[in-house]
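2 protein chains.
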Amino acid sequence: MAEKLTPRATDYSKWYNELVINADLAEHSAVRGCMVIKPYGFAIWEKMRDALDKMFKDTGHQNAYFPLFVPRSFLEKEEGHAEGFAKECAVVTHYRLKVNPDEKGKLMVDSESKLEEELIVRPTSEAIIWNTYKGWIQSYRDLPILINQWANVVRWEMRTRLFLRTAEFLWQEGHTAHASSQEAIAETKQMLEVYADFAERFMAMPVIKGSKSESERFAGALDTMCIEALMQDGKALQAGTSHFLGQNFAKAFDVKFTSKEGVLDYVWATSWGVSTRLMGALIMTHSDDQGLRLPPMLAPIHVVIVPIYKGEEQLATISEKIKPLMTELKAKGITVKYDDDDTKRSGWKFAEYELKGVPVRVAIGPKDLENGTIEIARRDNGTKQTIPMEGASQHIQQLLDEIQKNLFDQALAHRDSHITKVDSYEEFKKLLDEKGGFFLAHWDGSKETEEKVKTETKATIRCLPFDMGMEEGKCMVTGKPSARRVLWARAY
Amino acid sequence: MAEKLTPRATDYSKWYNELVINADLAEHSAVRGCMVIKPYGFAIWEKMRDALDKMFKDTGHQNAYFPLFVPRSFLEKEEGHAEGFAKECAVVTHYRLKVNPDEKGKLMVDSESKLEEELIVRPTSEAIIWNTYKGWIQSYRDLPILINQWANVVRWEMRTRLFLRTAEFLWQEGHTAHASSQEAIAETKQMLEVYADFAERFMAMPVIKGSKSESERFAGALDTMCIEALMQDGKALQAGTSHFLGQNFAKAFDVKFTSKEGVLDYVWATSWGVSTRLMGALIMTHSDDQGLRLPPMLAPIHVVIVPIYKGEEQLATISEKIKPLMTELKAKGITVKYDDDDTKRSGWKFAEYELKGVPVRVAIGPKDLENGTIEIARRDNGTKQTIPMEGASQHIQQLLDEIQKNLFDQALAHRDSHITKVDSYEEFKKLLDEKGGFFLAHWDGSKETEEKVKTETKATIRCLPFDMGMEEGKCMVTGKPSARRVLWARAY
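Line by line, the protein sequences give chains Y and R. Residues in the first sequence are numbered consecutively from 1, following my numbering. Residues in the second sequence are numbered consecutively from 1, following my numbering.
Treat each hint with caution, since some may be false.
Which copy is meant is left open, because identical chains are indistinguishable; a pair holds if it fits in one copy or across any two.
To be verified - With a straight-line cut-off of 25 Å between C-alpha atoms, the simulated BS3-like cross-links for lysine-lysine are: (1) K47 x K458; (2) K405 x K332; (3) K4 x K104; (4) K98 x K77; (5) K106 x K77; (6) K337 x K349; (7) K256 x K344; (8) K189 x K87; (9) K104 x K77; (10) K87 x K104; (11) K251 x K104; (12) K114 x K458; (13) K344 x K134; (14) K330 x K310; (15) K57 x K349; (16) K57 x K337; (17) K134 x K106; (18) K98 x K87; (19) K87 x K106; (20) K189 x K454.
In short, the hints are calculated from the structure, not lab data.
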């Protein structure tokens, strides 16, 4: 393990970057803006992916795979969509390199391989998918189409941060087609609920559900619903979005269906996605100055067992004694690592597994051998206790449930204590700096006011929450009438 | 379902294309050379992926993720590698589009966004990965590195065929780093065994293991081991490769380690991969003129149950009666679909599930209700039998095992009857046309002879098999001495 992390209180951003690197989650690659997701980080992402994938399938969705490339002309077809993504995309213009005649051993673009039409590396797949759906849909009998894709996408970013904002990232994108507006809206809501459920049950991360304001909507959507989480530094993070696309893409790609009543109409659409950004959210929701704190539902290793010994003989005795416990834990579906690496001190190991966020650490030394006990340490609150080896697997199983719950409760308490109602712009600006977090304040509904607040404070409307702020009032900035409070915050 | 498939005997290639489309496995996309993998096809690929992923993890490998893009200069570093891939790659030259001032609503490449160095969409990831490993490896303690990646790759192909040869395809690529040549060679062999085991146990597809001749090696490898399968039309298909890369990539990217003895040396490498091409192999190994025949280990649906009824009341009775069987099957991990769609005739359904290759079809009609029976039909050999409903789940479970075995045995019998020893070039050419399949023949070891045979017959050396042809003789073409027979065939 490297030196200690910069404390969060000193520099939260630096702490985050050091943690991602030191805990072996990811690193910057030699390709501008692209990251390498290392095995330990990828193992967490795999757990997220598998849990989400099951939830998608349980709600009737199937996986499929669509091309990496989107022809330029496809992107042009939906105007808002094109505007949203044209400025940040990787453009393939040629399909061949050739030997550089002027420099030995060097390659250059073969100008004879220029494409007639440029291909865009997908920033999202609405265009290519709706062009495909056109061939699949004639009648209401072909609907609904409920498809999800796990894929890599590229959005050229100038300022990147590991997991939070990278040029290439991994995600899933659901793309569904429906016979009615109501059905598509119900799907949009259903998938937002799936995301919220996943965030809270697996990531132990409380979220606020709501709709985006018009200016924060996805390029091409009529409504963008989102889940918003609060990070420890008081900044918000959008953790997932679910879009009601209306008939925009069906019109752009001319996808019509004949209804039961024999009427020809455009198809209704949704799309929804979460990405490797969730890794950043997970880290910033729970971790501390010692390293990661992983919720057991997503931890690649649940329990690490560290033998404390002098000499090979003692190690052999411990290794033998610990076997039944390991077998019992594995039988319960608990992932165990026994670290008998003789080249590392146990103090080093303790710090390493704290850094890696392993939820439960078991230590067993000579005294434990005498007494038939083990020492158990919780990563979430640092408490230790010595318990009998007998029945320990049952105890550890309960402990993992407790840790999962405790992480959620802590995050919820932090989040709830950082939702502040404010009624004046002065108070808003003051508390934004002093306290941070979410603010429920009235807004006159205009883009101008939204833009003014953003320019002056860097805070944005995170969403119009479904379950909060439903009271009339006056806009905190202009004093004009407001139908409801909206949720503001500075955000990642 | 569409009209009947073109019979294999009439036009094997046409049969294949129609089957892939009609069985809803995949289709061509609007992007040249790229395919859309449809939900039914993707469900089969997911089963392959999950089975392989488990085998990789059981042999100590971890997943990770590396960038989609490879800078041009990286590709240049390993000379053979660059030559192998430069002529078929998608080249990103710009990172932004802008509004076309001359055409309303159109976009164009923003010439101000030209990249200083072009980025290649990965055709394979040795270059970007070895550049990363450089930062991870200093000492023998950092070795071995055993990493796998599931990813999309792009190799610009002029003539594409669904699954068999597409510009973009999905695959896994293992990239390992070792402290010794022996260890890397052992890894190369181990992964070839994993592939062979997967092909035979899951795909029910017998394979021949061997090493490629020098001219058929992977660009940058010292040895390429492969598994070769035989399709029904007598052509071979390379189903997986495992490469011993020696120190080539370590030298190209300057990756050295200090050994236990304190000596500085370059690291030893392997890489190994299989792709969505396996889908093509699966289809062409087993399917018939009625459609797919899927081995139960990879079938998305194991059993389809079709009620035969007149009127809603009878359907309701059948639906009720069949429930316990469905519950029992699911409890055994068997995937069941109950197709009570009232808009389709049962004859249509029978043909549809034959096309889709569902291994077992259960029909239940009024007579079965009276007698407490069901009718079971096997997709592999078309046989039907009526058995008591009681205990049917046990029977079906055994049947699925039998079908898996039968498909393998049939493919093996076909393969084994198409391995022919020949000793003259005349006989070789004659039987290549008349019989097809694999030929074990002597070869003088020269590239010239290999090239001559390829030009004259389109047959290539598929491999130098590990377990066949170990006898001295004379080259069938030149009469020069030959140390062993090698395996020839026309191939996909």
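Hint check results:
1. With identical chains, the CA atoms of K47 and K458 are never at most 25 Å apart, being 34 Å at best within one copy and 47 Å at best between copies.
2. Proximity of K405 to K332 under the C-alpha cut-off of 25 Å is restricted to the intra-copy arrangement: shortest distance 19 Å within a copy versus 33 Å between copies.
3. Taking identical chains as interchangeable, the C-alpha atoms of K4 and K104 are never at most 25 Å apart, the minima being 47 Å within one chain and 57 Å between chains.
4. In this assembly of identical chains, K98 and K77 lie within 25 Å of each other by CA distance solely across copies; the values are 15 Å between and 34 Å within a copy.
5. Taking CA atoms no more than 25 Å apart as the test, K106 paired with K77 passes between copies only; the shortest distance there is 9 Å, against 39 Å inside one copy.
6. Taking the shortest alpha-carbon separations for K337 and K349, only the intra-copy value of 12 Å comes in at or below 25 Å, while the best inter-copy value is 51 Å.
7. Proximity of K256 to K344 under the C-alpha cut-off of 25 Å is restricted to the inter-copy arrangement: shortest distance 24 Å between copies versus 66 Å within a copy.
8. For a Cα distance limit of 25 Å, the shortest separation of K189 from K87 qualifies neither inside one copy, at 30 Å, nor across copies, at 47 Å.
9. Only between protomers do K104 and K77 lie at most 25 Å apart by alpha-carbon distance; the minimum there is 12 Å, versus 44 Å within a single protomer.
10. With identical chains, the CA atoms of K87 and K104 are at most 25 Å apart between copies only, with a shortest distance of 17 Å across copies and 36 Å within one.
11. Proximity of K251 to K104 under the C-alpha cut-off of 25 Å is restricted to the inter-copy arrangement: shortest distance 18 Å between copies versus 52 Å within a copy.
12. Neither within a single protomer nor between protomers do K114 and K458 lie at most 25 Å apart by alpha-carbon distance, with minima of 43 Å and 31 Å respectively.
13. Taking the closest pair of Cα atoms, K344 and K134 come within 25 Å of each other only across two copies (24 Å); inside a single copy the shortest separation is 60 Å, beyond that limit.
14. Taking CA atoms no more than 25 Å apart as the test, K330 paired with K310 passes in neither setting, with 27 Å inside one copy and 52 Å between copies.
15. In this assembly of identical chains, K57 and K349 lie within 25 Å of each other by CA distance solely across copies; the values are 24 Å between and 40 Å within a copy.
16. For the identical chains of this complex, K57 and K337 are inter-copy neighbours only, at 15 Å across copies versus 31 Å inside a copy, given an alpha-carbon limit of 25 Å.
17. Taking identical chains as interchangeable, the C-alpha atoms of K134 and K106 lie at most 25 Å apart only when they sit on different chains, with a minimum of 22 Å there against 44 Å within one chain.
18. Within a single copy, K98 and K87 get their C-alpha atoms only as close as 29 Å, which misses the 25 Å cut-off; across copies the closest is 7 Å, which meets it.
19. Taking identical chains as interchangeable, the C-alpha atoms of K87 and K106 lie at most 25 Å apart only when they sit on different chains, with a minimum of 13 Å there against 31 Å within one chain.
20. Neither within a single protomer nor between protomers do K189 and K454 lie at most 25 Å apart by alpha-carbon distance, with minima of 28 Å and 60 Å respectively.
When the structure is compared with the earlier hints, violations turn up for hints 1, 3, 8, 12, 14 and 20 and for no others.
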